[in-house]
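Here the structure of chain F is known, so what remains is to put chains A and V in place on it, guided by the hints.
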Amino acid sequence: MEVSKQLEIPYGQVYQVATFYKAFSTSPRGRHHIRVCNGTSCNVRGSQAVIEGLERRLGIGALETTVDGRFSLETVNCVGCCAMGPMVAIDGEYFGKMDVKGLDTVLEKFK
Amino acid sequence: MKTIEFEIDEKKVRAREGMTILEAAKQSGVNIPTLCYHENLDHLGCCRICSVYIEKGKRGSIVTACSYPVEEGLKVTTRSQKIDRLRKTIIELAIVGSGPNIKADLYRLSKEYNADLNRFSSIGEETKYNCILCGLCTIKCIEATGGAIGFVGRGVDKKIVSFPETSQTCITCNYCNNVCPTGRISLKGADPPFPTVNDFLSGRS
Amino acid sequence: MMSREITGPNMLEELRKEIQEESVSQKVTISVCSSTGCVALGSQSLLKMLKEQLSNQGLEEIVEIKETGCLGFCEKGPRLTVYPGGISYFQVSPEDIDEIVTRSLEHGQPLERLLLRDPETGKTAERLEDIPFYKYQRRLLLSDNERVDPKKIEDYISIGGYSALSRVLFHMKPEQVIQEVKKSGLRGRGGSGFPTGRKWEATRDAPGDPKYVIVNCDEGDPGSFMDRSLMEGNPHKVLEGMMIGAYAIGASKGYIYIREEYPIAFANVKTAIAQAKEYGLIGSNVMGSGFSFDVKVHSGAGAFVSGESSALVEAIEGRVGEPRPKYIHISERGIDGKPTCLNNVKTWANVPIIILNSAEWYKSVGTESSSGTNIFSLVGNVNNTGLVEVPMGITLRDMVYKIGGGVRGGKRFKAVQIGGPSGGFIPEQFLDLKVDFDSLSEAGSMMGSGGMVVMNEDACMVDAAKYFVDFLLEESCGKCIPCREGLKVLSATLGRICEGMGKHSDLEIIRDVTEAMETTSLCSLGKTAINPVLTSMNYFKDEWEAHIEEKVCPAKHCRALIEYSIDEKSCKACLQCTMNCSTAAISGEKRKPQRIDQSKCIKCGTCYDLCPSNAVVKISRGAAKQIGLVD
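Protein chains in written order, with my numbering: chain F, 1 to 111; chain A, 1 to 205; chain V, 1 to 631.
Only chain F is shown next, with the shape it has when bound in the complex:
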């Protein structure tokens, strides 16, 4: 309501824009936000296995947050590091050439 009043645009338009763009989240994120790239290059190099590995370890699906609020997970369509895929970015820190084996070490860094 506030945004709508201050910018003098219809209430509905605020929601329309907020729900159109993926970068705007309408639900709370975890303390650490994980983005896994599932773009073409990362995909042919095995990002699907990394995504599933993360989903299993954290017990959540994409766009969800762990019960303890530690991690939230999102798949994105390309972060521009296609030569080093599969790519995982946590809180803006990038990890290249990820595989299922390396997940535990990386997740450990984020309490």
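Derived from the structure by calculation, the hints contain no laboratory data.
Computed from a predicted model, the values in this text were never measured in an experiment.
Any given hint could be a false lead.
Quick partial rundown of chain V residues pointing at chain A, CB under 7 angstroms, derived from the structure [to be verified]:
| # | residue |
| --- | --- |
| 1 | Leu169 |
| 2 | Pro325 |
| 3 | Tyr327 |
| 4 | Cys480 |
| 5 | Thr519 |
| 6 | Thr520 |
In silico EDC-like pairs for lysine to aspartate or glutamate, Cα to Cα no more than 20 angstroms straight-line [what the hints assert, rightly or not]:
| # | chain 1 | residue 1 | chain 2 | residue 2 |
| --- | --- | --- | --- | --- |
| 7 | A | Lys82 | V | Asp512 |
| 8 | F | Lys101 | V | Asp609 |
| 9 | F | Lys22 | V | Asp470 |
| 10 | V | Lys600 | V | Glu589 |
| 11 | V | Lys590 | V | Glu568 |
| 12 | V | Lys600 | F | Glu52 |
| 13 | V | Lys527 | A | Asp84 |
| 14 | A | Lys88 | V | Asp512 |
| 15 | A | Lys82 | V | Glu515 |
| 16 | F | Lys22 | V | Asp512 |
| 17 | F | Lys97 | V | Asp609 |
| 18 | V | Lys326 | A | Glu17 |
| 19 | V | Lys603 | F | Glu55 |
| 20 | V | Lys556 | F | Glu52 |
| 21 | F | Lys22 | V | Glu474 |
| 22 | V | Lys600 | F | Glu55 |
| 23 | V | Lys326 | A | Glu23 |
| 24 | A | Lys88 | V | Asp609 |
| 25 | F | Lys22 | A | Asp157 |
| 26 | A | Lys88 | V | Asp506 |
| 27 | V | Lys48 | F | Glu55 |
| 28 | A | Lys128 | V | Glu474 |
| 29 | A | Lys88 | V | Glu515 |
| 30 | A | Lys82 | V | Glu518 |
| 31 | V | Lys603 | F | Asp99 |
Yeah, the Cβ is synthetic: ideal placement off N, Cα and C, and Gly gets one too.
Using the frame of chain F, we list chains A and V on its own:
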């Protein structure tokens, strides 16, 4: 205002510069089907059913009549085997989103173009809203009340929802049911009803 | 160096000489790549280590550190180059810094172990041009990234930056600039290859004021990161090109639209604009020429479709980034309803080099229909992955084998996917295709943003088509029926085929739906969505038939059509698979071959990836039934 001369279905037609093919066709008594078009509103160009074949010199292409401006010497074909097939497919695709229980204009067109209402009925979401997301209702609602309903989401996620905080502004003016091409909105309101924006947001996670 | 306002072409030249003289006095320069790729591999720690070293040894006066942009060989990052000599080291770690600093001061022998090695001859290369990955390239746009710190405008000026703008403002009329760009044959590098000169002319001729120019850096094609590299590494080149275009078109305002996923590019562009303003190279009365130009940077918010020109305009105006019917182009009615010229980052970056070297020279590079170079991202299952800048007309074979070094892991080549989700799959029989705009469209694909993803024998072409359909399904704006609903039907149909439930009539469905999408979709997202599907269907017919008729996935990729099994003879009972199976589907006695319980197996492939003895095998479901592995 300049006068443009062109052809529709091999018939010579005259129109004012700035008119669209659809407007010129209406004026000359040629019928081109529409769903998302409303004469008092800027064309939305989202249903695509008014697609026609045009030829400019040697080049031909398929364009939507509601948005294409008339041009001198243009040759327009409004019905053909290909166009009819395209319109039939568009209707069958529309039903993926709306579900087969359609009424009003969409139903009439489905009969005219022999569309198979059940061709893709098993595809898409489980709950179907008898809606093709043309948005005419939202535009009219903004005009009347400032917007008790509106679009949210993107792509296959897209829905028309109501905003409970503003729904007291639904004044049952009936602007929306006058323009709905699927018959979802009638004098009795929307059936199926509009989900609220909160239904939409909680459905996402 | 104190900045001062430049008010004439001579002042610019004087400034350039001053900067060049100052840099000669530096003894050694060490440039570290600070583009997203190398940052991801740890180049920030290298910088930290370097700064510490130099400070501890009191060397800051004689060794200069430069943070530079991407040279393209991202797989081998972090990259560090030492001058004089221009020796490039790759895969550098903080432990190497000490030695690098010492040797560079002594002008001693380069550190062999960090040099790139030619895989065929085994020889190491000190200069980039000595290795195949770089030898066949022609880096008209990207070579500057080596020498320029994007956060220091003086670097760009010292190598000749802004001299093209100066020439244009003081020695050319707008119409002359347009003619020169037309003559050069430059075609849009964003995807469709529309002649740039014609677009500028149309915008110039359209009535309305003020006019706008837009830099489109919404690079949404997964697999493409060339725009990122240019924007991060050399934003001034793009700014200069944009201003030359604005002058030619008669535009006084510009927007740079950068996708939200590129924060470093966003930051570097803002710094570049601020520094250019200080020098009077942008803003009101540029260089005292009378030409004024104002630019704003706009961030995207995670929507692929908003990279389409009319959608981008909507997004800039604060609305949902959905395309409009395009019979009236934005060159007539764009931002605020005024004539707007939108071009891709690479297109703008080509402009200064055309002005400085002439249209004839530019036309001599590339092919008849497509002049100049293009930057491709060669990625996927190829040995040397990264950005490659080559003259138009190079063959796919040379790209994949000569520059790319062949398919990774010695596997067989299957296809190259070119042009992102709007492009198509090119199979082996077309490897000698020359890469240019027209040859690619004739083959059913398109240049697109220049992404080239190499696929090997393990790729299932039906599933690959579904991958792109699903990508577009998520990114479609949803406005028009053919695209929104057509993609749903294609995804569901392809899904059924991959699950072994395909029917022959599915091909008819695909034909009808793709016909409707191609001819009646509102924008190119819907229209070109058919390319991956149709090229897959047409060029890999046998795979489609195998899925539909025999319920077999020849590549053994589609989960519903394969089973995992452990070969008893090869199993060494290391228990890696047993311990890591998330559904506890694998079991067996110690020191005996393990077995997979098919009823619990979810076919995630973890055991297959982990097994050090290659004992886990994939067999097609049909065969599995025959040997009694499954019912």
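For each hint, the structure was consulted:
no.: 1; hint: Leu169; result: violated, 37 angstroms
no.: 2; hint: Pro325; result: holds, 4 angstroms
no.: 3; hint: Tyr327; result: holds, 5 angstroms
no.: 4; hint: Cys480; result: holds, 5 angstroms
no.: 5; hint: Thr519; result: holds, 4 angstroms
no.: 6; hint: Thr520; result: holds, 4 angstroms
no.: 7; hint: A:Lys82 to V:Asp512; result: holds, 11 angstroms
no.: 8; hint: F:Lys101 to V:Asp609; result: holds, 9 angstroms
no.: 9; hint: F:Lys22 to V:Asp470; result: holds, 16 angstroms
no.: 10; hint: V:Lys600 to V:Glu589; result: holds, 18 angstroms
no.: 11; hint: V:Lys590 to V:Glu568; result: holds, 13 angstroms
no.: 12; hint: V:Lys600 to F:Glu52; result: holds, 16 angstroms
no.: 13; hint: V:Lys527 to A:Asp84; result: holds, 19 angstroms
no.: 14; hint: A:Lys88 to V:Asp512; result: holds, 10 angstroms
no.: 15; hint: A:Lys82 to V:Glu515; result: holds, 10 angstroms
no.: 16; hint: F:Lys22 to V:Asp512; result: violated, 31 angstroms
no.: 17; hint: F:Lys97 to V:Asp609; result: holds, 14 angstroms
no.: 18; hint: V:Lys326 to A:Glu17; result: holds, 18 angstroms
no.: 19; hint: V:Lys603 to F:Glu55; result: holds, 15 angstroms
no.: 20; hint: V:Lys556 to F:Glu52; result: holds, 19 angstroms
no.: 21; hint: F:Lys22 to V:Glu474; result: holds, 10 angstroms
no.: 22; hint: V:Lys600 to F:Glu55; result: holds, 18 angstroms
no.: 23; hint: V:Lys326 to A:Glu23; result: holds, 18 angstroms
no.: 24; hint: A:Lys88 to V:Asp609; result: violated, 48 angstroms
no.: 25; hint: F:Lys22 to A:Asp157; result: holds, 12 angstroms
no.: 26; hint: A:Lys88 to V:Asp506; result: holds, 17 angstroms
no.: 27; hint: V:Lys48 to F:Glu55; result: violated, 35 angstroms
no.: 28; hint: A:Lys128 to V:Glu474; result: holds, 19 angstroms
no.: 29; hint: A:Lys88 to V:Glu515; result: holds, 12 angstroms
no.: 30; hint: A:Lys82 to V:Glu518; result: holds, 13 angstroms
no.: 31; hint: V:Lys603 to F:Asp99; result: holds, 17 angstroms
Comparing the model with each numbered hint stated earlier shows that hints 1, 16, 24, 27 do not hold.
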